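Novice: Numbering (UniProt numbering), first residue to last: 1 to 753.
Wrong hints could be hidden among the right ones.
Said to hold, decoys possible - Pairs of lysine to any residue, SDA-like flavour, derived with a Cα cap of 25 Å: (1) Lys322 / His432; (2) Lys100 / Val85; (3) Lys690 / Ser740; (4) Lys526 / Lys627; (5) Lys45 / Leu75; (6) Lys693 / Asn585; (7) Lys598 / Lys693; (8) Lys267 / Pro189; (9) Lys449 / Gly595; (10) Lys571 / Ile455; (11) Lys614 / Ala602; (12) Lys158 / Gly27.
Claimed, not checked - For each label pair, taking beta carbons as the anchor points, the in silico distance ranges come out as: (13) Gln65 / Gln628: 39 to 45 Å; (14) His95 / Gln251: 26 to 32 Å; (15) Ala750 / Leu716: 34 to 40 Å; (16) Tyr147 / Ile255: 42 to 48 Å; (17) Thr532 / Gln578: 44 to 50 Å; (18) Ile245 / Arg586: 52 to 58 Å; (19) Gln578 / Ser540: 35 to 41 Å.
Just so you know, the hints here were simulated from the structure itself, not pulled from any lab data.
Since the structure is predicted, the reported quantities are computational estimates derived from the model, not experimental observations.
Backbone N, C-alpha and C define an ideal beta-carbon position, used for all residues, glycine too.
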Amino acid sequence: MEALISDKASIKKASDKYIKKTFPVLGMTCAACAVSVESMLKSAKGVHDAGVNYANQTAWAEYDQTLKAVDLQNLIRSVGYDLIVDSQDPQQEQHQAQLKHYQQLKKRILWAALLSVPIVIIGMFFMDTMPYGNWIMMALSAPVVFYLGRSFFTNAFKQARYRKANMDTLVALSTGIAFLFSAFNTIYPEFWHNQGLHAHVYFEAAAVVIAFISLGKLLEEKAKSNTSSAIKKLIGLQPKTVRAIINGVEQEIPIAAVKPDDILLVKPGEKIPVDGIVTDGRSFVDESMISGEPVPVEKIQGESVFAGTINQKGSFQFKAQKVGGDTILAQIIKMVQEAQGSKAPVQKLVDKIAGIFVPIVIGIAVLTFLTWMLFGSENAFTHALLTSVTVLVIACPCALGLATPTAIMVGIGKGAENNILIKDAESLELGHKVNAVILDKTGTITEGKPVVTDISWNENNEDQRSYKQILHAMEGQSEHPLAEAVVAHLQKESFLALRLEKFESITGLGVSSFYDGGQYFIGNRKLMELNTISISNKLSHEAEGWQQQAKTVIFFADSRKVLAIIAIADKIKPTSRQAIETLQNRGIDVYMLTGDNKHTAAAVAKQVGLNHYKADVMPSEKAEFVKQLQAEGKIVAMVGDGINDSHALAQADVSIAMGKGSDIAMDVAKMTLITSDLNMVPKALKLSAKTVKTIKQNLFWAFIYNLIGIPVAAGLLYPFNGFLLDPMIAGAAMALSSVSVVSNSLRLKAAKL
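Given the sequences, and given the hints that come with them, work out the whole structure.
Specialist: Written out as structure tokens, the structure is:
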């Protein structure tokens, strides 16, 4: 454990000189765009590392403190994109910008469609009969290509300045060449007529490609906004304003103005704005957002409340403790956002492909043109131009770029809906391969809180109530952790406060006190033996039975005999056995590791149906056990909740923290279960399997589309049946392929876990 803390400290010290920030990005339209932005950030002087996520439309950069965020913004603007920096609410600003872009895109598509329809009608049906048909088509297509589609050309130019190419480069080249070629043929048709050839024009192809690609982008924008709905729902859990008690007067203030130690008022039906502690009043609060439990929790003075949870019946005041980005709700939002910004290994491969895809496609287009020019017979130049343009259009890498990130985003959103927070996309990809799961005992399989399970009284006791009052009073003064369990159990009955005398804590044994002239003891069997206190055969036999069940037995006695015995245990969660059985039925080996003794470990393992367990395990030994399983070729998932689990969580292939565990465990783990229900573990692994299946389906269709489409576009079928793919049809197919990939990813939303 010390080594882990030391490692984290050294990493922090090394990274102190760097600033790491995430910025929303505007203007990205494909995976190749993301590669361009990422490469520009990485090449900037002073940037240590950077990354871009196309699906989440964000970029992160780790850079020197001497560098300013605005410098990065200016750099990205120079290649046709933009970063949102120095904004109070960057997500809202990005949302507004995307909404504005979406509305502009809708208008452009509407105008492009209106202008393209007559072009297509003329080109398809009246090409040779309508007077001045070519001139009309040129006049209608020019605004579509160079005004409504101007963003493709400006972005392509900015990319070219830095010797880069992306999807816009493909669109600009294909439509620009098609239009200029057609314009030349319209203005100077004699050039072809003198060679005995017809002067073909492709105005309809240029216009419709712009319209179809813009339509595809519009549908993608719509789909991408749907995939991030889980984030929006989480953000919506926090109210915009709060009621603060300032100098005894109730005032409504913005949530951004709340500071720690402010006193806030919450009325029935309102959302709790920040984390804090109740100071006055009482109520029931719906905490299902955090715990997953539907039953409201009673809140009285001294109880903790959390941002985003909903107050039910009563009103209460509470003191703000954690505000802004420190609240549990803010941490949940941050975790989901970071997860959607992280990249699975398969996505890193796709990004590399997208980075080299455009230059390769341009190369294929040039090769296609040269091949047709060299080996084409009649109309070789026309076919060369037509096929090279079609190759450029059909190869736009939209579907390839969207294949992985959309599936990851929907998978992470689906997890958030089911109280599974995924911090790293890699864990979502690896989860389905897990064949060994290690469970910590306390707080994971068990509740992590000792409770009284049994009380047995001496059969000769006539007045149990008076003794219960003494027991309650003594345990109320004891500082022993198990005393809280006894007090909590006895609080179900109402007792008068008793005035005890000579209360004494006896280290390692228990406590003693005097009341009404008599001496009383609470402690272990050794305390009874030291004070020569007798125990009946009945109670002695029961105590031995409880101890064999791994329960801790406490003895309550007066100066002569044991009055009662109390069994205390860390109760096993009701769902633990079912979750373990589900994992084992899937062929996954399940192990339990605990620092507890062998008797307790054996009893718990028996109750939950586990065959593999280890007791008396130190924190470092847990990590060694993970390594041991990994050395055997297993993909290991570790589930824990404490600081002592953090080393093993860091070592495991997939690490899962229980939401009610320590901050360090949640910091190290790649997944966090908000609820304490262990059934979420098999659900998380099932979610991984469904997400990876979707990614593979998406990649299959994206690759198949390009593998089949590019050769056909290049004219592979022409020697056999004279078929040449029209650029207009290629544009439509490209747009529909992107939509099919996004739609397939969105099917995950309806998946059952």
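Novice: What are the numbers of the hints the structure violates, in ascending order?
Specialist: 1, 4, 7 and 8
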